[in-house]
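Mapping of the sequence shown onto UniProt numbering: residues 1 to 116, in sequence order.
Hints listed in this document are in silico derivations from the structure and should not be mistaken for laboratory results.
This structure is a prediction, so every number in the text was calculated from the model and none was measured.
Quick reminder that beta carbons are idealized off the backbone N, C-alpha and C, glycines included.
Each hint can be trusted.
Derived Cβ-Cβ restraints for the label pairs, each shown as a range:
no.	residue 1	residue 2	range
1	Met27	Leu65	26 to 34 Å
2	Lys12	Gly78	55 to 63 Å
3	Ile15	Lys84	48 to 56 Å
4	Ile22	Glu91	27 to 35 Å
5	Val18	Glu97	42 to 50 Å
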Amino acid sequence: MSHEQVNKEELKTQIDSVKSQIDTLEMMLKNARHQLSSLQAKYNATTVQTIPNEIINEKLILKVLIKGEESEKWVECGIDDPEKEIQLLVENDGINEEMKRQLLRYISDFKQKNNL
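Make a model of the complete structure from these sequences and hints.
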């Protein structure tokens, strides 16, 4: 192999390596943006709104809108074990303590009004 061919092979290897690094960094950036979005949703979540409820497989599911200053998100919450359901929402959907209290109050009122 000539000296020029060796240099081209080395350059190709380096180019492929840099492309791989860029792909990795783009994935890290995408993940960081997703995490930032999730954290901002948790930080900005301020109110709870609901829409008509559905019964799915004989289990009552409440659809709840988490609404913050910058974003909003619909989540589903069962009423059989409200503490457990809401803890899952805290972990997965960014419900803060105030929203947790509002949702517990709403579920309690809903169960009372509907004799559940």
